[in-house]
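Peer 1: Just need the whole structure built from these sequences, with the hints factored in.
As you go down the protein sequences, you meet chains A and B in turn. If you read the first sequence in the working numbering, its first letter stands for residue 2, the second for the next number, and so on. If you read the second sequence in the working numbering, its first letter stands for residue 2, the second for the next number, and so on.
Worth flagging that the hints you see were computed from the coordinates, not collected in a lab. Model, not experiment: these values are computed from the prediction. Fair warning: there could be bad hints in the mix.
Same chains, same label: a pair holds when it works inside one copy or across any pair of copies.
[What the hints assert, rightly or not] Okay, derived cross-link-like pairs now, DSS-like style, lysine-lysine, Cα gap no bigger than 30 Å in a straight line:
(1) LYS18 with LYS63
(2) LYS78 with LYS59
(3) LYS99 with LYS78
(4) LYS70 with LYS91
There are 2 protein chains.
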Amino acid sequence: MVRGEKDSDCPVESAVKVLSGKWKILILWELRETPKRFAELRRGVTGITEKMLIQQLKELEKDRIIHRKDFHEMPPKVEYSLTERGRKLKPVFDALWKWGREQIQESS
Amino acid sequence: MVRGEKDSDCPVESAVKVLSGKWKILILWELRETPKRFAELRRGVTGITEKMLIQQLKELEKDRIIHRKDFHEMPPKVEYSLTERGRKLKPVFDALWKWGREQIQESS
DNA sequence: TTTAGCACTTACAAAAAAGTATGTACTATA
DNA sequence: TATAGTACATACTTTTTTGTAAGTGCTAAA
Chain A
2 MVRGEKDSDC
12 PVESAVKVLS
22 GKWKILILWE
32 LRETPKRFAE
42 LRRGVTGITE
52 KMLIQQLKEL
62 EKDRIIHRKD
72 FHEMPPKVEY
82 SLTERGRKLK
92 PVFDALWKWG
102 REQIQESS
Chain B
2 MVRGEKDSDC
12 PVESAVKVLS
22 GKWKILILWE
32 LRETPKRFAE
42 LRRGVTGITE
52 KMLIQQLKEL
62 EKDRIIHRKD
72 FHEMPPKVEY
82 SLTERGRKLK
92 PVFDALWKWG
102 REQIQESS
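Peer 2: Following this line, the structure appears as structure tokens:
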């Protein structure tokens, strides 16, 4: 944390801080049920570039929301999965999904 | 929507689209219980500038998540409140709040 | 009469996020 | 031998987001 910057005491604020951005929630949503490989995620998250994907994966790993498992194989095999902390986000995803679906239905 | 751009069929994706950014969730969080005036929001959302505040309020209004009520008084009085659609986000906020609090507790 | 407060608006600049294009090391398959 | 696929890395540019600073029109209080 930058000196002079106060750490947020508000849980919502601190949650938003690690989840905001265009891709993170979508990546986590892809991983909600099962671990996936880099290329699977690339195909699963429509529109994301490789650069953004690793960048976001790295940040999520640093925040201990996902775990990176390298199988040290050739050709390379790496698997990403939710950590315990990441799995605890399920209620958030569920609520978001429900809300999103309702809005889509309303507008049709 | 821009021509050629596919509307997301994923509820999570469409929800993220209208809620992402540094301030929106925080603004909505301020409004979760009671309507508030512009100046109250400015004081409540720590760190936000006036420019960002109206900008985000306008977008949220356009997305019909909040409602703007102008009392046509002098000095000006305007009140912002959640719409039905906005109130339905409560489960999202609750889940986010819980998760954020858990993470804060863990790290202490 | 100056100040403060209300709810903004605007021009401009800085910072952050995201995208493009290319390259790496390795292997298997055509 | 060329191509494709794995999982990235890096330089560079563009786009988007956010911030800074100032100003508007109005009123009430000091």
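Peer 1: Each hint: holds or not?
Peer 2: Hint-by-hint comparison with the structure:
1. In this assembly of identical chains, LYS18 and LYS63 lie within 30 Å of each other by CA distance both inside one copy and across copies; the values are 13 Å within and 24 Å between.
2. Only within a single protomer do LYS78 and LYS59 lie at most 30 Å apart by alpha-carbon distance; the minimum there is 16 Å, versus 46 Å between protomers.
3. Taking CA atoms no more than 30 Å apart as the test, LYS99 paired with LYS78 passes in neither setting, with 34 Å inside one copy and 35 Å between copies.
4. For the homomeric pair LYS70 and LYS91, the shortest alpha-carbon distance inside one copy (21 Å) is at most 30 Å, but the shortest distance between copies (35 Å) is not.
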